[in-house]
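Could you put the whole structure together from the sequences, leaning on the hints where they help?
Protein chains: 2
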Amino acid sequence: MINHLAIIGVGLIGSSLSLSLKQSGYVKRVTGCGRSEDNLKKGVELGVLDDYQLNISEAIKGTDVVVVAVPLGAMSSVFQQMQSSLDESTVVTDVGSAKATVLRDAHRSLGEFFPQFVPGHPIAGSENSGVEAGVASLYQNRKIILTPEQDTSQSAVAIIDKMWRQTGAEVEMMSVEHHDRVLAATSHLPHMLAFSLVSHLSKMSDQDEIFNYAAGGFRDFTRIASSDPVMWRDICMANGDALLELIEGFKNELSEIAKAIEHKDSEALFELFRDSKHTRDQLRDL
Amino acid sequence: MINHLAIIGVGLIGSSLSLSLKQSGYVKRVTGCGRSEDNLKKGVELGVLDDYQLNISEAIKGTDVVVVAVPLGAMSSVFQQMQSSLDESTVVTDVGSAKATVLRDAHRSLGEFFPQFVPGHPIAGSENSGVEAGVASLYQNRKIILTPEQDTSQSAVAIIDKMWRQTGAEVEMMSVEHHDRVLAATSHLPHMLAFSLVSHLSKMSDQDEIFNYAAGGFRDFTRIASSDPVMWRDICMANGDALLELIEGFKNELSEIAKAIEHKDSEALFELFRDSKHTRDQLRDL
Numbered sequence: 000m001i002n003h004l005a006i007i008g009v010g011l012i013g014s015s016l017s018l019s020l021k022q023s024g025y026v027k028r029v030t031g032c033g034r035s036e037d038n039l040k041k042g043v044e045l046g047v048l049d050d051y052q053l054n055i056s057e058a059i060k061g062t063d064v065v066v067v068a069v070p071l072g073a074m075s076s077v078f079q080q081m082q083s084s085l086d087e088s089t090v091v092t093d094v095g096s097a098k099a100t101v102l103r104d105a106h107r108s109l110g111e112f113f114p115q116f117v118p119g120h121p122i123a124g125s126e127n128s129g130v131e132a133g134v135a136s137l138y139q140n141r142k143i144i145l146t147p148e149q150d151t152s153q154s155a156v157a158i159i160d161k162m163w164r165q166t167g168a169e170v171e172m173m174s175v176e177h178h179d180r181v182l183a184a185t186s187h188l189p190h191m192l193a194f195s196l197v198s199h200l201s202k203m204s205d206q207d208e209i210f211n212y213a214a215g216g217f218r219d220f221t222r223i224a225s226s227d228p229v230m231w232r233d234i235c236m237a238n239g240d241a242l243l244e245l246i247e248g249f250k251n252e253l254s255e256i257a258k259a260i261e262h263k264d265s266e267a268l269f270e271l272f273r274d275s276k277h278t279r280d281q282l283r284d285l
Numbered sequence: 000m001i002n003h004l005a006i007i008g009v010g011l012i013g014s015s016l017s018l019s020l021k022q023s024g025y026v027k028r029v030t031g032c033g034r035s036e037d038n039l040k041k042g043v044e045l046g047v048l049d050d051y052q053l054n055i056s057e058a059i060k061g062t063d064v065v066v067v068a069v070p071l072g073a074m075s076s077v078f079q080q081m082q083s084s085l086d087e088s089t090v091v092t093d094v095g096s097a098k099a100t101v102l103r104d105a106h107r108s109l110g111e112f113f114p115q116f117v118p119g120h121p122i123a124g125s126e127n128s129g130v131e132a133g134v135a136s137l138y139q140n141r142k143i144i145l146t147p148e149q150d151t152s153q154s155a156v157a158i159i160d161k162m163w164r165q166t167g168a169e170v171e172m173m174s175v176e177h178h179d180r181v182l183a184a185t186s187h188l189p190h191m192l193a194f195s196l197v198s199h200l201s202k203m204s205d206q207d208e209i210f211n212y213a214a215g216g217f218r219d220f221t222r223i224a225s226s227d228p229v230m231w232r233d234i235c236m237a238n239g240d241a242l243l244e245l246i247e248g249f250k251n252e253l254s255e256i257a258k259a260i261e262h263k264d265s266e267a268l269f270e271l272f273r274d275s276k277h278t279r280d281q282l283r284d285l
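Just so you know, the sequences run in chain order A and B.
In terms of numbering that gives the first Met the number 0, the first sequence opens at residue 0 and continues consecutively.
In terms of numbering that gives the first Met the number 0, the second sequence opens at residue 0 and continues consecutively.
Bear in mind the hints are in silico, worked out from the structure with no lab data behind them.
From a predicted model like this one, the values you see are computed outputs, not experimental measurements.
A portion of the hints provided could be inaccurate.
Stated by the list, open to error - List of simulated lysine-lysine pairs, DSSO-like, C-alpha gap at most 27 Å:
no., chain 1, residue 1, chain 2, residue 2
1, B, K21, A, K202
2, B, K250, B, K263
3, B, K142, B, K202
4, A, K202, B, K142
5, A, K250, B, K250
6, B, K202, B, K21
This is the structure we're talking about:
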């Protein structure tokens, strides 16, 4: 049970968490904080928030848990603003999609409070963003990855672990490096491909017409290109090394296909498609 | 109204067409033909077919319309087998995803009957294949592209046009070249990207674990990698030139992103993602 929760950055992720915890009665009071007062007012209207503050140090005073759900590029500044008014008993967590830079920022800015910080990442979301996009069921049967360090407080980890389990999610522990590599492969790279594809096609001369003939497969494939550009800019900046390695590997793989097409090597194409289908089919049952 | 329809190659596309036309009472009798008798028997059991033939010239005798729904690589052989028993009054159409090679094959093999052939392509489908995957609603509000030539019979075009409209689809006319370019962009390239991505990730050392953390975005993005490998091998062979040009352009686009990540050019990344989101958001309303 959490008496008082603060959410810094009230978008899809934060509002879905709040709605879920409120629905199960696991949280008594949720205070929102963010730069847009309109957004925070909407949060109160929608029942996502009980109240709000525009000032971070005010927002976190006397809270049990603080969830930082801002884009990666804003983490450092948020931690700095928290440092002066953070209670010893308050546990802080985040929801950033890349963890190495968040940990670096937390180390630098939280100082002595660093052990109270539990780095986290819910593997959930949608191409929609904003407080209105929040849904209580977002985390059901989804995975939450926590990447605590050696000096992270075990009791702090236990509190965040329990909070996420209340939403119906499964919580797993992972090293920061492993998290950032796995996410670069399964999330960051696919987003780059979707953005690139839409960008490339939009430059073709018969643009409008091309999109007219986009069928279901294309829509599924490019849905993630509707994601928040600020969030994705920050992910690229934060997890650039892992991402660059994957982009390079992907380009080589695509070049293999191009070479097979060029040489009319139908057997090589068939084998690659057959193996990929086999791999992807297994995902259906997961 | 069609008295007797033959479907050569009874998979997702052919069986969905049959189910739809039967449901609306637009067809009296549907004869299936294909290499697997088990599949044809299943078609009869499922009510997709009224009867079947293993021999193409038997299957098309006395029919009003023949729909050729085999992979592109099998078109030429099917046309050759049809040639000897085709009636002058029978209209032939196909559903191939690339049209230049189909027209070339039809020209070569149908000879004097060529004007009775109406090249067509329903922009519909799913990653599922086979007769069991057929659904009567598959073509509702979807586009069917016909690419008739100068010497294609106008009355033959009218018959195929009317047949497809019965399924709830919208029919459009297009040149072969334009069709093949547009489809390379909106369908063939995205499939190559999905196959490449799954193939690349499956080679990474922590393969199994990587796919464990695949969230909704990844699933949407790679769903089309479950598509039929034979169909896609043949599309690559048939529409290789257009596809190679697009793969090259796409790789350049992706390299731009990689360069921006490398140079920490956050502004360039933001602009590219913002513009792509804007373009993709417009597709939601289509």
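Evaluated hints:
1. B:K21 - A:K202: 43 Å, violated
2. B:K250 - B:K263: Between B:K250 and B:K263 the Cα gap is close to 20 Å, so the pair holds against 27 Å.
3. B:K142 - B:K202: 37 Å, violated
4. A:K202 - B:K142: 23 Å, holds
5. A:K250 - B:K250: With a Cα-Cα distance of about 7 Å, the restraint between A:K250 and B:K250 holds, given a limit of 27 Å.
6. B:K202 - B:K21: With a Cα-Cα distance of about 46 Å, the restraint between B:K202 and B:K21 is violated, given a limit of 27 Å.
In this structure, the earlier hints numbered 1, 3, 6 are contradicted, and the remaining ones agree with it.
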